[in-house]
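Build out the structure end to end from the sequences listed, making use of the hints.
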Amino acid sequence: MTAVNRHRPERVAALVQEELAAVLARGLKDPRVGFLTVTGVDVSPDCTHATVRVSPMGGEEEKQRAMEGLESARGFLRTHLSRVLRLRVAPELHFVLDRGLEHAQRMNRVLDQLAEERGPE
Numbered sequence: 011m012t013a014v015n016r017h018r019p020e021r022v023a024a025l026v027q028e029e030l031a032a033v034l035a036r037g038l039k040d041p042r043v044g045f046l047t048v049t050g051v052d053v054s055p056d057c058t059h060a061t062v063r064v065s066p067m068g069g070e071e072e073k074q075r076a077m078e079g080l081e082s083a084r085g086f087l088r089t090h091l092s093r094v095l096r097l098r099v100a101p102e103l104h105f106v107l108d109r110g111l112e113h114a115q116r117m118n119r120v121l122d123q124l125a126e127e128r129g130p131e
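Under my numbering, the letters of the sequence shown match residues 11 to 131, in that order.
Just so you know, not all the hints are guaranteed correct.
Unchecked claim - What follows is a set of in silico ranges between Cβ atoms, one per label pair, in the way DEER data are often shown:
id : residue 1 : residue 2 : range
1  : Asp40     : Arg109    : 18 to 24 Å
2  : Arg16     : Arg116    : 36 to 42 Å
3  : Leu25     : Gly68     : 25 to 31 Å
4  : Glu28     : Met67     : 32 to 38 Å
FYI, nobody ran anything at the bench for these hints, they're computed from the structure. Virtual Cβ for every residue (Gly too), placed ideally from N, Cα, C.
Encoded structure:
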């Protein structure tokens, strides 16, 4: 595999993330998809599949509805990517819930509690 082809999945992932973030920021017609952040995209080596990590705002119920809305809009988003990015074959999109931000917030709360319990040094 040449150097150009070896880095193609990374470049496609970056383009997919940028374009999906822009489309979702403008909003979809589906009311289930509210404000969310595209936290990352991983593309398979042959660029036929893309795992899109998203972090929707709100409680568990809102997050579940947002994921359902994204699944419903998957075909539209794939077609949009194919047109805008001028890809011969747009990757099949797979949306996963990214809980990294939640974990970071929980860790900060635990660290704050520990610091309060220790008191000033």
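Next on the checklist: Taking the earlier hints as the rules, which of them does this structure contradict?
Outcome noted: 4
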